[in-house]
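Here the structure of chain S is known, so what remains is to put chains W, F, H and X in place on it, guided by the hints.
Note that the protein sequences, when read in sequence, are chains S, W, F, H and X. Sequential numbering of the first sequence, starting at 1, is according to my numbering. Sequential numbering of the second sequence, starting at 480, is according to my numbering. Sequential numbering of the third sequence, starting at 1154, is according to my numbering. Sequential numbering of the fourth sequence, starting at 1254, is according to my numbering. Sequential numbering of the fifth sequence, starting at 1431, is according to my numbering.
Don't take each hint at face value.
[Stated by the list, open to error] Reference listing, derived: stretches of chain S covered by chain H, where coverage requires no fewer than 3 residues with Cβ under 8 Å from a Cβ of chain H:
1. 62-75
2. 124-131
3. 134-143
4. 202-208
[Unchecked claim] If the Cβ cut is set under 8 Å, some of the chain F residues that face chain H in the computed set are:
5. Val-1163
6. Ala-1165
7. Phe-1217
8. Thr-1220
9. Val-1221
10. Ala-1231
11. Phe-1237
12. Ser-1250
[Claimed, not checked] Derived lysine-lysine pairs resembling BS3-like cross-links, with alpha carbons at most 25 Å apart:
13. Lys-645(W) with Lys-1877(X)
14. Lys-644(W) with Lys-1874(X)
15. Lys-503(W) with Lys-1877(X)
16. Lys-1864(X) with Lys-645(W)
17. Lys-1877(X) with Lys-644(W)
Because the hints were derived from the structure by calculation, they are not lab data. Every residue gets a Cβ at the ideal spot worked out from N, C-alpha and C, and that includes glycine.
Chain by chain, the residues run as shown.
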Amino acid sequence: MFSPDLDAIVPMLCVTLAALASMGAEAFRGKQERLPIGGLGIVGLAGAAVSSVLLWNRSTSGFGVIQADNFGLFVTLTLVAVGVLTILFSAPVLERNSIPAGEYYALVLFSIVGMMMMATASDLLVIFVALEILSLSVYVLTAIRRDNQAGIEGAFKYFLLGAFSSAFFLYGIAFTYGVTGSTKLSAVGAYLSAQALSSNPMILIAMGFLLVGFAFKISAVPFHMWTPDAYEGAPAVVTGFMSTGVKAAAFAAFARVFLSAFEPFKADWAPVIAVIAALTMILGTVVGVAQTNLKRMLAYSSIAHGGYLLVGLVAANDVGKAAILFYLLAYSVTNLAAFGGIALLGARDRANDELRDYAGLWHSHPALAALMTVCLLSLGGLPPTAGFIGKWYIFSAAVSAGYYWLAILGMLTSVVSVFFYLRVVVMMYMSERGTADVPPRVAGLGMAALALSIIAIVYLGVLPTQVLNVAAASISTIF
Amino acid sequence: MISLIPLIPLLPFAGFVVNSTLGKRLPKSVSGGLASLVMVVSFLISAYLVWQLSQLAPDERLLTNTIYRWIASGELRLDVTFLIDPLSAVMLLVITGIGSLIHIYSTAYMHDEVDGEFARYFSYLNLFAAFMLVLVLGSSFPVLFVGWEGVGLCSYLLIGFWFKKKSAADAGKKAFVVNRIGDYAFLLGMFALFAMFGTLEVRGVAEKVAAMPPEAGFGLLSLATLLLFIGATGKSAQIPLYVWLPDAMEGPTPVSALIHAATMVTAGVYMIGRNAVLFSHTPDTMTIVAVIGAATALMAGTIGLVQNDIKRVLAYSTVSQLGYMFLAMGVGAFGAGIFHLYTHAFFKACLFLGSGAVIHALHGEQDIRNMGGLRKELPITYWTFLIGSIAIAGVPPLAGFFSKDEILFETLAHSHTVLWVIGIITSFLTATYMFRLVFLTFHGERRHDAPAPADAHGHAAGHGHDAHGHGAHGGHLHDAPPAMALALIVLAIGSVAAGWVGIPHAIGGSNGLHAWLEPSFTVAGAATAGEAAEPGLAGESEAATEGLERTLMVFSSVVGLLGIAVAFGIWIKRRDIAAAWARSLAPIHTLLLNKYYVDELYDATVVTPVQAVSREGLWRGVDVGIIDGAVNGVATIVDAGSMVLRRLQTGSVRAYAGSLFIGVVLMLGYYLWR
Amino acid sequence: MIPLSHYLVVSAILFAIGSAGVFLRKNLITILLSVEIMLNAVNLSFVAFGRFNGTVDGQIITFFVMTVAAAEAAVGLALVIALFRGRESLNPDAFTSLKW
Amino acid sequence: MPESLLFYVLSGLAVGASALVIGQRNPMYSVLLLIVSFAALAGLYITLDAPFVAVAQMIIYAGAIMVLFLFVVMLLNAPQEDAAEWDRTHPLRRPGFARIGIVLAVLLVAELGWALAKVVSLGSPVGGRGDGAAISSVREMGRVLFTQYSFAFEATSVLILVAMVGAVVLARREGDV
Amino acid sequence: MLLTLSWTLPLAGAILLAFIGNADGRRNAMIRWAALAVSLVAFAATLVIWARFDNASAEFQFVERVPWIPAFGIDYYLGVDGISLLLVVLTGFLTPIALLSSWEGVDKKVKEFSIFILALEAAMIGVFVSLDLFLFYVFWDAMLIPMYFLIGIWGYDQRIYAAVKFMLYTMAGSVLMLVAILGLAWMHSEATGSYSFDLLKLYTLQIAPDTQRWFFLAFALAFAIKVPLFPFHTWLPDAHVQAPTAGSIILAGVLLKMGTYGLVRFAFPLFPVAANEFAPWIALLAVIGIVYGALVAMVQPDMKKLVAYSSVSHLGFVVLGICAMNVQGVQGAVYQMLAHGISTGGLFLIVGMLSDRRHTRLISEFGGLRNVMPRLTAAFLIITLASVGMPALNGFVGEFLTMLGGYLWNPRFVVVAGLGVILSAVYMLSMFQKVYLGEVTNPKNEKLQDLQPREWATVLPLCAMAIVMGVLPSIFLAPMEPSVKKVVQRVQAVRTVVAQATVPAVRAVPAAQAVAAVPAASHQVAEPR
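Isolated chain S (complex conformation):
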């Protein structure tokens, strides 16, 4: 296409252009004019998807800091899916809550740019910048409903802790740079593999700080505290977006840094991450049990899912790496769909995101209830859904790496998590609605998006081969 440097960043460019376009559209639109701004985003994302597919298997490198390898592209495509679904779910929400569409879409797209950058970056500094791009957008998105104090509060907590943790992350970069003399992952990796094993405490400290930064973004215990508040405060669709996109991007970078550059120190980080993974799974599921707000509950659930993903990281074998990719995709689609469902049910003055709001949903919204149920079952890891294949893949990796205890723990916590997913199902199907106010009719576009996600979930659950093969192929190129 263009120069190799540019080729690698074409997906990002597409999305950036879409973001700029939506800002421009907002600026030039009339007072009461309605523009399909979301459509611009979808076009941009489609461009990103197409260019990613074209870049497939070419392992293009751009500016020495962007690696458009299959791994990154897989995540990019996942992010495209996240973006498309987010936009589809957003349309009715924006209108309902009179959120400025132009800025909203621009921020969503910018943050997707940041995510893509993070997923493909091969330089710690670029990862940091990307992290900040996506973080700042997400902070703002969290607080996008200015009439909603909870959203602002959540956003601030997220922001403050995010800034706090980026400082640690940055400190980690500093130490890495200090020890290895570079921030490029290839150089870092080369230096580290030449080092005798872990004689240098500086490396350990660097690793620890970097770990904190990533762990924060993927809300691993004990760096997870912001998650429930931010997820609860944000509009449901934003929560869906950030619980999936941010996690996917952060995991991609996490895996890239720890599985390539810091691979030689695996013996040092693996036990720490294993413990973190265990704590994350336990806390996410256990605390989720007591939640009565659906968004908050799913927040804890997504903490737990972060734990499962970490298990794949700990396993650190080929299966594990591919499993992370597959799980990310499965989890993203599923979680986004779940939050999308919540978003669709909301009304202008009422979020309808408390558990009791779901009582008897089966009677008023049978299709929505059914689709939500599939999402929840997938989150719980029950066949025949994507979630099941994902869990199976992840724990398969753990078992083959000898981490039986993690696999067992993961399995048991997933049983506990099923308990709270089932509570929603119980509400929807087995309880009668107490109050008279029935949630509003849901928008057709949102339902279509939900149905699309469900099809994807079931497809991934029943015929995962194709995607599994792609995931497996993705990791072979870089690690």
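Just chains W, F, H and X now, kept in the frame of chain S:
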């Protein structure tokens, strides 16, 4: 050629099928007639087959017919095979013969039931006959067991025939459950045999065991036979599982006659006879059998002495006579045991049917204290009942005399002196209580008028005699109607003559039955082993034995007559003696009247504690409390943990930062200090 | 010459002060300032390491850090303003409606 | 040694000012003290042969960012910390909680210091390896920035754009769309 | 294709039903008939499988194999042998009955009800025909979902608790099995270089005894919960009692068998060394369960609960037979599974009829029903007797064979287990007496209707099967014998080795040496890292 053997049980079974499905729509004459007809035909076929059998040489007297393979699993190969040998031939004739009579009797006795119930009764009765025939025809333990449990089921159904009455339903259940205890042992016995011999064919086991020497001491084989015997104690109402039989009298009287006197309860005896070779290889078990038999005979005899319900007296008498049979089996006198079984079938059926006629006439009255003086009004009943009583008392030359005498002789001949003494005492008791019954029922003065129709309705509702009020006024009673009379008379004749097939050599008889049965108790080709197993009178001379036998015959006749005399003395001449004794020996009398409190004992030691432990201990305690408590406890713990852990999420951003910071410090600490 | 470790220790102390500030102060703005202190501490490390390694990368990275700090400050302060509008308070502990 | 004296003075100033920043109840003073701290850091950058960074530090940090802070402080007009009315509600939020923060900070310093102490090479002078003049050259810096770091540089533009949009979105009053 | 057809037919039916609009319940009748038709066709398909099954072969038949996830050696791999064949048929047999049983009892959301029943049938058949462990697990877990909804939506008052408990309890057990399955697949890849979930390939895997123990326990726990084995049984009374009639029928009739089936098919033959070690312990639990279940059943005031506990007792016989691991034991176990499916299905069916009529299941609410509903009483009596183990009815053959097998293995267990024979008579007949015999005491019972034609259609097949299975058991025993022998031989081969190795010091010699004694096993023993 199609064998006739399967027809014997199949005919009654067909009767069952017809009556149970179409019964409601058939008139009584058809359903009852059909049921009786199939039994008669079955009897005729049996008779024909037995005649065929008798035409064979004694060693070859065996007709078998394999119908199909029932269960096949590994080395276990179970065929449904029917077998007629001399032993089962006797049983066949008894079952179908007496069974036919009782069916006929029942058509009259049960006539007051409504159509559906009437048909139901006969369907059960036919089903019983079918299973009983399977029991005696079965050539292997499991097939025998099918019949064994099947008759138990029918017994359950028939005891509880008047299901509206709680006592009847209770009695039925009790019978079934107690039998199940025996069946449990029986099953274990079967398993033990299979484990030892790899087959469950009765003859297969016999052949293998015949090749072995008798077991010294109490080993596996003894255990197996003991288990089988425990099964028999359930079915045949021996100590300690006899408790169901007296209660079983809640059923219609013909049922008591057929099932609980003539046939089913003798299944245990038959089973031991069928496995004579096996049992004779386990002397220890044999001793136990004999002792249990004797003890049961004595105990039931003592209880029978004071009971006031006409059927209960007969029931205890049955238990007692069954004890005799087991005594015979236990001492190795299999022929004598079966002989007694056979004669007992006649006179006890006769007695039960007689009592049924009495009850029928009195519209459900069963208490002998309310009877008396029925001799004149119920002559047929009286005379047949009397014959039966003389027979059971062991007065020559009636049936009971020969069989009982043979048992006592064999007991002594096998040097079981103590058991012999018990046998003699029981014999005396038998004569006494039987004649007490006769005298109190038929002699003396009427102590009770037949209840008025209205009264009858309430009193005997459960018995279904309520519609029978037509001739009940003015104390005039109806003797047995023709169908009942026929059965009574035939059985009375049997009670007189049945023993004549087994007149011992000692008094010039041929003891034909003994000879006829002999092949069933030995294994062809292994006769020596069987012979050796019988510690008999090999050393003594034939003459001396016969002398002893003759002496004993006289002695036991005298004992029987003495018993009758005592009964005459007490209950005819000096009625006050009985009451006086009852007063002076009040504790014993109460003890006997309450059947040694065995039911209460079982209730207190087994039934109640098991119920209580199950309810409070296992269900509410272990199940709901501990196990489910643990399960729910896990949920509670998770829930509590959740409530605690979520408190960490204080909402304060500084606390969140603290958590993050602690994580950092701990992680670095781990790296630096490890 | 001053050893590298001295600079690093100063940087570490500043970093720790910054992080402690997040806990000590009950004013959102001061807390934001504390984060700025942390970023500056890191900058010091970068420059020191850059000097030590003899490359300009360390210095260049500090520019990026400054940019990030500025961007964060902009968003952070905007959030503070939005928060203050709703609650008329800058105490972080006032904002605990989301919890558990 | 003057050089080391300078280092210690500047370090002391930076640390002291920073400590005072977080020791202040009045945010206005905190901002001003932070500027002092930044100035001291700028001085340290000069000792590290990074004059351009030092200048940028003063202009961007002390100048632009801190002014932004000052604006907000004054805009909100909330000079004093609120009374501790929430302090009574939860034990974790009591002053003891602040103590935990200090303890953790001290532990962090200890850990870092201990780790640094274990690395021998760090004891060597900071200017040991490279040429101070080479890295203080702005030209060199510009070259590297626009070659090696060109992508990151462009990415930063997106970052700033996001911050801008974000600040606008957040700060806009309710109702104006 | 037959096997695929057998499970996809109901699934396709379920999916098609989903597209019938029935918001106002106007099409209820049509949906009922459609669902029934689908289930009957599926039943016919299972019968065709049976008809074309080769009784003489111990191998898997009608094998279908399509690569599914080739990277992990996961195939869509189906097949039936004598052990699974009849369970498939049983599933096909019970589903129409379950549908018929709720013809009138279920009147809300009929469409969804039918969908869930059919989906459940699909999953259950899938469990029985899967030869790929992964596929098996998928069906195994997927089955929970429709059952959960059936209990939770159409159940009685405590339905939600019961449904959630059922789901979580079962899942908790099965996730550990999943870990073990993953471990197996990984070991296969260690040994041969490629993952495989193929059951037959995994059978040939040589696994170190230590690993076997853990894996066996993981499998056994999953199955023990499903069976349910004492003390993992407490979900059962709740689930049974709260489930709607159709749910109870399927739960008792088929679902529980999945546990015992799993033991025979997976746990024992995959880990013979561990199986032999643990068999006595499992048998001990089974035997405790037999007596315990019976005792607790004896004191239940609720008919459904009574039957539920009786299932605990009866399934104990199945497990005992399996632990015996001889031909009689295992054949008896499989037979008992079928028999229990018929008789307990029948019990729940009839109890359901009573509870539909009276809206209570308390024994004390009834009494003297024989006076008003003689036909139902007769049917119940037959089923009761079948359940009690009356010879010439279905229950006897299974109990007899399992106990015989158990006796040949270890008589002590049978001595205790046999008590179940006594106790079953006690509790079943007590219930029968209290409900049916005596006078009608409760006026509400005076006007109860006897069996309706629709109910005849459900009761008759069950009673007929109870009798046929008791009189002609060879029809059912013959197909399973070769397959059972194969399984037994596999496990026994190790048992004899263990026995020889442990002759000198009974417990001191670890089974590791025992395996080492097998020539083929001395090499390539895979150890987990």
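Here is what the structure says about each hint:
Residues of the segment 62-75 of chain S lying with their CB closer than 8 Å to a CB of chain H number 5, which satisfies the three-residue condition for coverage. With a cut-off of 8 Å between beta carbons, the segment 124-131 of chain S has 4 residues touching chain H; three or more are needed, and the interface restraint holds. Check on the segment 134-143 of chain S: 5 of its residues sit with their Cβ under 8 Å from a Cβ of chain H, so the three-residue criterion for coverage holds. Counting residues of the segment 202-208 of chain S whose beta carbon lies closer than 8 Å to any beta carbon of chain H gives 3, which meets the minimum of three for the stated coverage.
The beta carbon of Val-1163(F) is positioned within 8 Å of a beta carbon in chain H (closest approach about 5 Å), and the interface hint is therefore held. About 4 Å separates the beta-carbon of Ala-1165(F) from the nearest beta-carbon of chain H, less than 8 Å, and the hint is met. At its closest, the beta carbon of Phe-1217(F) sits 6 Å from a beta carbon of chain H; the interface hint therefore holds under the 8 Å criterion. Satisfaction of the interface hint for Thr-1220(F) is found here, the shortest Cβ-Cβ separation to chain H being roughly 5 Å, below the 8 Å cut-off.
The beta carbon of Val-1221(F) is positioned within 8 Å of a beta carbon in chain H (closest approach about 7 Å), and the interface hint is therefore held. Annotation: interface hint on Ala-1231(F) holds; nearest CB of chain H at approximately 4 Å, less than 8 Å. Hint on Phe-1237(F) holds. Least Cβ distance to chain H is approximately 5 Å, under the 8 Å limit. Here the hint on Ser-1250(F) is broken, as its CB sits about 12 Å from the closest CB of chain H, past 8 Å.
Note on Lys-645(W) and Lys-1877(X): the hinted pairing holds, with a Cα-Cα distance of about 22 Å set against a maximum of 25 Å. At roughly 20 Å between alpha-carbon atoms, Lys-644(W) and Lys-1874(X) fall within 25 Å of each other, so this suggested pair holds. For the hint linking Lys-503(W) to Lys-1877(X), the alpha-carbon distance of about 20 Å falls within 25 Å, and the restraint holds. A hinted pair counts as satisfied when its Cα atoms are at most 25 Å apart, and Lys-1864(X) with Lys-645(W) qualifies at roughly 10 Å.
Between Lys-1877(X) and Lys-644(W), the direct Cα distance comes to roughly 21 Å. Compliance with the 25 Å bound is thereby established for this hinted pair.
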